[in-house]
Amino acid sequence: MAEESAPISRTRLRLWWAAVALTALPLALGMAATLLGAPDRFGFASVATKVCQGWQAEMRLASEPAWAVLKGVPVVVVGPAFAGWVLSRRRGLHRAAAWIGWTAPAFLAVIALTEPALVAFDGVQDCLDAWGPMLGFSLWPLYYLLPAGCAVAALRGSRRRPRRRRALGAVIMTAVLLAAMTADRGAERPISEPDACANAPSASPVATETPAQAIARLPRPRRELAFLCAARGSSLTSPGGLRPAHQEGRSDQDLLAMGRRVCDALGRTAPGDQATASLLTTVAQEWTGGEDVTRTAAYLCPDAAARWSPRLGRSARQEAEEAARYQTRMNAACARPRLAGAPTRQATTALFVGEGGGYYASDGEPTAGDPFNAAIGDGLISAAGNTAAIMTEIEDGPVCLTVAAYRHRPPLMLRGWDRVAEVGVDSPHGGLRVTTMEEMPRLPILASTGPGPYRLRVYVRDREKAERSVSDLPVERHLIVVFPGRSTKTTVYRNAER
Numbered sequence: 074m075a076e077e078s079a080p081i082s083r084t085r086l087r088l089w090w091a092a093v094a095l096t097a098l099p100l101a102l103g104m105a106a107t108l109l110g111a112p113d114r115f116g117f118a119s120v121a122t123k124v125c126q127g128w129q130a131e132m133r134l135a136s137e138p139a140w141a142v143l144k145g146v147p148v149v150v151v152g153p154a155f156a157g158w159v160l161s162r163r164r165g166l167h168r169a170a171a172w173i174g175w176t177a178p179a180f181l182a183v184i185a186l187t188e189p190a191l192v193a194f195d196g197v198q199d200c201l202d203a204w205g206p207m208l209g210f211s212l213w214p215l216y217y218l219l220p221a222g223c224a225v226a227a228l229r230g231s232r233r234r235p236r237r238r239r240a241l242g243a244v245i246m247t248a249v250l251l252a253a254m255t256a257d258r259g260a261e262r263p264i265s266e267p268d269a270c271a272n273a274p275s276a277s278p279v280a281t282e283t284p285a286q287a288i289a290r291l292p293r294p295r296r297e298l299a300f301l302c303a304a305r306g307s308s309l310t311s312p313g314g315l316r317p318a319h320q321e322g323r324s325d326q327d328l329l330a331m332g333r334r335v336c337d338a339l340g341r342t343a344p345g346d347q348a349t350a351s352l353l354t355t356v357a358q359e360w361t362g363g364e365d366v367t368r369t370a371a372y373l374c375p376d377a378a379a380r381w382s383p384r385l386g387r388s389a390r391q392e393a394e395e396a397a398r399y400q401t402r403m404n405a406a407c408a409r410p411r412l413a414g415a416p417t418r419q420a421t422t423a424l425f426v427g428e429g430g431g432y433y434a435s436d437g438e439p440t441a442g443d444p445f446n447a448a449i450g451d452g453l454i455s456a457a458g459n460t461a462a463i464m465t466e467i468e469d470g471p472v473c474l475t476v477a478a479y480r481h482r483p484p485l486m487l488r489g490w491d492r493v494a495e496v497g498v499d500s501p502h503g504g505l506r507v508t509t510m511e512e513m514p515r516l517p518i519l520a521s522t523g524p525g526p527y528r529l530r531v532y533v534r535d536r537e538k539a540e541r542s543v544s545d546l547p548v549e550r551h552l553i554v555v556f557p558g559r560s561t562k563t564t565v566y567r568n569a570e571r
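Note that my numbering gives residue 551 to position 478 of the sequence shown, counting from 1, and the numbers run on in steps of one.
If you're looking for bench data, these hints aren't it; they were derived computationally from the structure.
For glycine and all other residues, C-beta sits at the position ideal for the given N, C-alpha and C.
Careful, some of the hints might be misleading.
Each computed EDC-like pair below joins lysine to aspartate or glutamate, with the alpha-carbon atoms no more than 20 angstroms apart [to be verified]: (1) K538 <-> D469; (2) K538 <-> E468; (3) K144 <-> D337; (4) K144 <-> D327; (5) K562 <-> D443.
What follows is a set of in silico ranges between Cβ atoms, one per label pair, in the way DEER data are often shown [to be verified]: (6) P383 <-> G503: 38 to 44 angstroms; (7) D199 <-> Q347: 50 to 56 angstroms; (8) E395 <-> Q347: 25 to 31 angstroms; (9) Q347 <-> R390: 32 to 38 angstroms; (10) A193 <-> G427: 47 to 53 angstroms; (11) M513 <-> Q358: 31 to 37 angstroms; (12) G450 <-> R290: 48 to 54 angstroms.
Input sequences plus hints: build the corresponding full structure.
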């Protein structure tokens with residue numbers, strides 16, 4: 074039978090609202106940081122060297138999706154507890170209201186104290202090094218003691234013993250549920266054995282689909298298998314197949330728990346956050362020896378990983394369109410220089426050079442060794458057989474390149490150029506063209522008269538200016554002139570860079 078209804082004081086309602094608001098505050102701040110950006114936070118991370126009992130319990134706990142949701146969004150418990158308490162009180166169900174209400178502070182206390190208690194346990198056992206980069210993230214739940222205190226204050230009543238029994242009962246029930254979640258579930262079945270990884274699923278997006286969307290299409294067990302194989306250093310896409318596993322001592326559940334911790338950090342912080350970036354760097358060394366952790370974690374949390382790795386959120390078509398826009402903008406900064414004579418073929422482009430800089434003019438694979446090192450020693454150019462290597466001052470950026478093919482030797486132009494040199498290069502198949510280590514740009518074939526020997530003359534300027542420039546537009550200028558010629562000697566016509 075319902076007890077007589079009693080009015081709820083404004084003070085209690087205000088305390089409850091404060092508890093709900095404080096519980097929701099971390100989630101709201103995280104969403105605001107995502108939408109508006111936030112100042113970077115600095116953190117320290119170290120590589121974990123051993124696994125201790127507290128850490129093992131934390132890994133098992135973190136591997137439970139229910140715990141990840143309840144810990145990440147505790148307002149889903151506190152909010153309904155507040156609503157249930159109010160409704161029960163207004164209907165005169167005071168005992169039910171008490172049981173429902175005390176669920177909130179008991180739950181918040183467990184959320185606040187579980188990880189710090191595990192950290193303290195390992196601290197007593199001198200095992201804090203096992204937590205490594207996760208240590209700082211494991212102490213922030215203590216914040217939830219503040220809304221728990223507001224809820225306790227709102228629930229105070231005149232009858233102390235029943236309230237204490239109800240609080241104790243709520244804590245015991247919550248602890249029993251957590252114990253069931255973290256209990257040893259028997260021997261873990263390894264699913265990332267080499268045979269399993271040899272047939273591991275990979276996400277193959279269609280042209281209009283992003284990698285994150287393709288990953289999300291995979292069933293959860295297949296995504297977890299793909300994650301484990303990637304985290305252990307298995308290549309799911311390379312022709313070489315399986316690579317040696319990294320950190321063999323980690324169990325599948327440990328790796329999955331670490332992956333979910335990384336996903337939690339990716340989801341809570343804005344891209345560029347220093348603490349999360351430090352965590353990613355450290356975990357990368359443990360997972361795959363330094364490879365991209367975000368792409369590996371994407372198998373567990375594709376949406377959160379896509380926030381930190383924009384390429385995961387772009388389809389192949391979007392990538393191509395973005396590359397085309399970038400190329401158009403770079404090309405607009407490259408004016409075609411004055412050419413001597415009448416070339417049979419010519420083109421100007423912004424050529425992107427990768428790490429180390431430089432590019433090639435070749436006709437197939439090198440037949441007389443790679444002249445790249447010799448070009449580095451020369452500072453500009455070297456040739457051997459069917460390949461010439463040309464060095465740039467910049468690396469990982471664009472240079473303006475004009476190529477021109479002639480049937481006969483064109484006049485020499487020195488004015489306006491800092492350095493001019495000429496080498497001999499063979500074109501046995503008549504396919505001499507400019508290439509880089511990363512791509513084959515859309516430039517014409519430079520063997521104007523078909524297979525045979527050619528002379529390649531390179532003009533460069535503004536290399537020192539490019540080294541000082543902070544613009545993303547190309548500054549360094551190159552002109553490649555190719556014409557038939559049998560000489561193989563190197564001729565330097567001008568070098569104003571000395």
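Here is what the structure says about each hint:
1. K538 <-> D469: Since the Cα atoms of K538 and D469 sit roughly 16 angstroms apart, the hinted pair holds (cutoff 20 angstroms).
2. K538 <-> E468: The hint holds at about 14 angstroms.
3. K144 <-> D337: holds, 10 angstroms
4. K144 <-> D327: holds, 19 angstroms
5. K562 <-> D443: holds, 17 angstroms
6. P383 <-> G503: 38 to 44 angstroms: holds, 42 angstroms
7. D199 <-> Q347: 50 to 56 angstroms: violated, 29 angstroms
8. E395 <-> Q347: 25 to 31 angstroms: Holds: the Cβ-Cβ distance is about 27 angstroms, inside 25 to 31 angstroms.
9. Q347 <-> R390: 32 to 38 angstroms: About 34 angstroms separates the Cβ atoms of Q347 and R390, which means 32 to 38 angstroms holds.
10. A193 <-> G427: 47 to 53 angstroms: holds, 49 angstroms
11. M513 <-> Q358: 31 to 37 angstroms: 35 angstroms Cβ-Cβ, so the 31 to 37 angstroms window holds.
12. G450 <-> R290: 48 to 54 angstroms: holds, 51 angstroms
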